[in-house]
Amino acid sequence: MKVKNKVKLLILFNFIILFILTGFSALKEEKYRKQETFYLELSPVDPRSLMQGDYMILNYVITDLAWEKIREIQKKEGKALKRGYIVLKLDENKVAHYEDVVKEISNDKNKIFISFKFNSYKININADTFFFQEGDAKIYENAKFSEVVSINNTLRLVGLVDENKNILK
Amino acid sequence: METKLKNLFLSFSIILLISAVTSFTAYNWKIMNNFQKLSIPIALVILGLGVFSFLKQEKYRNLALFFSCFMIGTIFAVFGQIYQTGADSWILFRNWAIFLIIPTLIINYYPLYFLFIIVSSFMTFFYLSLYYGLSFSMLVSNLIPAFAVLIYPFIIAKTKREFNNFFYNTLVIIFYLFFNIVSSIFLIFGFPVFQNELDLVLYLLPLLVIVSIYLVVGKKNKLQIVIPFSIFSIGNYIWSIYLHIFWGETYFSLSTLFFVSFLIWGITITFFIKAIPSIKNPTVLKIGKTVGNFLKVYMLMSALLFVTSLFSMYSYSSYEFILFALSLILIIASIILPKFLDFKEDNVELLSLSVGLFAISNYFILKNLDLKISVLIVNAIFNIIFTFRKSKFMDFAFFPAQYLTIFFLFGDLLYLLSEKKGFILNLILIFVPLIIFSLELIFQDKINSLKNKNKIERILLGNSIFLLFYFSINKAFKMNFNDLDLARRIFIIIISLIIINFDFLKQYILKNTKMKKMNQNIRNNIILSIILIVISYYSVHYAFDMDYLILLILFCIFKSRKIFFYLLNINAVEKIFHFYLNDYNSTLLQKSKHMLISSLFLMLAYFIIKYLVKGVDESEK
Numbered sequence: 001m002k003v004k005n006k007v008k009l010l011i012l013f014n015f016i017i018l019f020i021l022t023g024f025s026a027l028k029e030e031k032y033r034k035q036e037t038f039y040l041e042l043s044p045v046d047p048r049s050l051m052q053g054d055y056m057i058l059n060y061v062i063t064d065l066a067w068e069k070i071r072e073i074q075k076k077e078g079k080a081l082k083r084g085y086i087v088l089k090l091d092e093n094k095v096a097h098y099e100d101v102v103k104e105i106s107n108d109k110n111k112i113f114i115s116f117k118f119n120s121y122k123i124n125i126n127a128d129t130f131f132f133q134e135g136d137a138k139i140y141e142n143a144k145f146s147e148v149v150s151i152n153n154t155l156r157l158v159g160l161v162d163e164n165k166n167i168l169k
Numbered sequence: 001m002e003t004k005l006k007n008l009f010l011s012f013s014i015i016l017l018i019s020a021v022t023s024f025t026a027y028n029w030k031i032m033n034n035f036q037k038l039s040i041p042i043a044l045v046i047l048g049l050g051v052f053s054f055l056k057q058e059k060y061r062n063l064a065l066f067f068s069c070f071m072i073g074t075i076f077a078v079f080g081q082i083y084q085t086g087a088d089s090w091i092l093f094r095n096w097a098i099f100l101i102i103p104t105l106i107i108n109y110y111p112l113y114f115l116f117i118i119v120s121s122f123m124t125f126f127y128l129s130l131y132y133g134l135s136f137s138m139l140v141s142n143l144i145p146a147f148a149v150l151i152y153p154f155i156i157a158k159t160k161r162e163f164n165n166f167f168y169n170t171l172v173i174i175f176y177l178f179f180n181i182v183s184s185i186f187l188i189f190g191f192p193v194f195q196n197e198l199d200l201v202l203y204l205l206p207l208l209v210i211v212s213i214y215l216v217v218g219k220k221n222k223l224q225i226v227i228p229f230s231i232f233s234i235g236n237y238i239w240s241i242y243l244h245i246f247w248g249e250t251y252f253s254l255s256t257l258f259f260v261s262f263l264i265w266g267i268t269i270t271f272f273i274k275a276i277p278s279i280k281n282p283t284v285l286k287i288g289k290t291v292g293n294f295l296k297v298y299m300l301m302s303a304l305l306f307v308t309s310l311f312s313m314y315s316y317s318s319y320e321f322i323l324f325a326l327s328l329i330l331i332i333a334s335i336i337l338p339k340f341l342d343f344k345e346d347n348v349e350l351l352s353l354s355v356g357l358f359a360i361s362n363y364f365i366l367k368n369l370d371l372k373i374s375v376l377i378v379n380a381i382f383n384i385i386f387t388f389r390k391s392k393f394m395d396f397a398f399f400p401a402q403y404l405t406i407f408f409l410f411g412d413l414l415y416l417l418s419e420k421k422g423f424i425l426n427l428i429l430i431f432v433p434l435i436i437f438s439l440e441l442i443f444q445d446k447i448n449s450l451k452n453k454n455k456i457e458r459i460l461l462g463n464s465i466f467l468l469f470y471f472s473i474n475k476a477f478k479m480n481f482n483d484l485d486l487a488r489r490i491f492i493i494i495i496s497l498i499i500i501n502f503d504f505l506k507q508y509i510l511k512n513t514k515m516k517k518m519n520q521n522i523r524n525n526i527i528l529s530i531i532l533i534v535i536s537y538y539s540v541h542y543a544f545d546m547d548y549l550i551l552l553i554l555f556c557i558f559k560s561r562k563i564f565f566y567l568l569n570i571n572a573v574e575k576i577f578h579f580y581l582n583d584y585n586s587t588l589l590q591k592s593k594h595m596l597i598s599s600l601f602l603m604l605a606y607f608i609i610k611y612l613v614k615g616v617d618e619s620e621k
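Protein chains in written order, with this note's numbering: chain A, 1 to 169; chain B, 1 to 621.
Same shape as in the complex, but just chain A:
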């Protein structure tokens, strides 16, 4: 086979794998969204825009509360706590409330463990940004909760809801 044809085939192979993997990832994400969701209460938010278009930076009550506990652990152990789990408990309205910060998860079925990463400035719980169409920031100004799912202790953001749990769009 000529070198040029080999090159073309390799390039095509690369992109076919890309399309297949993208397709499978999309199917997986669609499946995640159908899982049982719960809600996290938001702190005041700021709309911003970046390369992927307009997005809001989301701040959470649970991360505000976790901040102190993380600092405590760091002071006690004398080193930075770069990752761990925030322990949450759901109330009857499926709103998650902060319980604790731990380094390892336990078998307690009544609690939800969500992983976080900490760089000394910010606690990242993988649901920190919300994309929306340019110009639609006002729709989300009244967002009170984010609707999320937990996949292997990692949060996935589904959408933003108001205080009556109505999805905003």
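It is possible that part of the hints are untrue.
To be verified - With a straight-line cut-off of 27 Å between C-alpha atoms, the simulated DSS-like cross-links for lysine-lysine are:
#: 1; chain 1: A; residue 1: K6; chain 2: B; residue 2: K37
#: 2; chain 1: A; residue 1: K31; chain 2: B; residue 2: K30
#: 3; chain 1: B; residue 1: K37; chain 2: A; residue 2: K169
No wet-lab data here; the hints were simulated from the structure. Computed from a predicted model, the values in this text were never measured in an experiment.
Chain A is fixed; fit chain B onto it per the hints.
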């Protein structure tokens, strides 16, 4: 000229097309469902692949593949938008980098190499910023281009490809520039993060990589370009660590600071200057020599600060007196040194003058003298010395010195760009250099016949350097004053037309030769002129000064200023990026529309030049 313009139009057409698509998808269309949103970048990837597969000319195939590779990133960006996986997540760039590996390895096309390096650097940066601070993340992610500098010679040797000097030299310069800026910021202002062995390794890793590059690439592979820059970087790294420790001490002495700085930089600069002559590439050699001269000035300033700080221990007023006296000595020395050195050493009196002016500026600051008066005095000293003695450096610096004086005198107006005064000042700083540049063109022959033509050329080059510099720092000119803006655009079009038609004007108007019939060159000029007028007319709607850019590029081509040409290209890409990201006067959709239409215009201009301007393809061959 036609060939360079043609290729430029094609490249920028693709860049603007990529930006237009990215802008369009970034809008995040509510009316589209998830499948439709993802289909757009996928369809464009397939389109690019189609062009890659079916076209025969390598130039077009490579551009098409580059376009498709960029669209991979757009696919993941849209994916992230739809499924809210997070803004600028490291996973987006990781996935993008994975699918760039095969095209980068098998296609010998250096823009793809740059794309892969940039994407990998972003992946590293966003991953690290989950766990570490901003400056540390930037420092470590800067090691990705470092590895590219390290392994590129080996890959080329193994694959028996042609070593691309332009790619490698550009990579080296950009890497060392970023490395030194970021490492200084991190080491001086950041706080130590080493709380375990891994953190300490990451802290020292940048230094180890630079040393590796010096030893492996510089000494073993004899790629001389990396040697002086590695030496500078090691010295800067050590000095930054020292400065960080220094600020941490509860008691410190300025004299110790200046003395140790002088020592570290003295050793670094000595080795740096010794290594410069080994650089073979003339452009990089010039850059190296300029950096070397700058370092000498810096050294002398450190020495001056050290000496004056010793006196400050006695009394503040004696410090002021010493500073003033030293500055006078240095300035006078710069005037009389040329006689003693018989005009051989341009650098020594340049150093003396630069440090002298620096010292006297500091003296004015200490005396709380008004900034504008200080600037006027410094400018007056400069002009007096320029008038009475020869210096190559002062020839280059003459026009920039005058413009910078205007800038400092009326600089507060520039912040009021919404005010007409500010806008007019901005126009003065563009029009005056442009007028001088036009006169340079028109009287080119007369200048060449003068005895001191070298001096005049240096002075005029300084004017051009300022033009380039002011273009690069100046953001969109679209303000509320349409009449002034229109005058500016007409002026730029006229100058551009003069350059394109210069030979015709010289022959038939200045020399008054009779035109016998329409020859090929005249026909080509007419076509180029029409293209230019159309693009410039449409540039009324641009926010990235395409007409100004084309003018400066024409100038670079006309005067064969290669390095300016490359810098302008880089700056033009930066302007497009800035327009896309930071311009809040237009929505994403408007930007997408502007950039798409611009792209189509440039593509059309490319084909018109290719097929209608005769002699282009032959000259390209």
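Okay, the hints, checked on the actual structure:
With a C-alpha separation of about 32 Å, the suggested pairing of K6(A) with K37(B) is violated against the 27 Å cut-off. Taking the CA atoms of K31(A) and K30(B), the gap is near 21 Å; set against the 27 Å cutoff, the hint holds. In summary, the hint linking K37(B) to K169(A) is supported, as the alpha carbons are separated by about 17 Å, within the 27 Å threshold.
In the structure shown, a violation is registered for the earlier hint numbered 1 alone.
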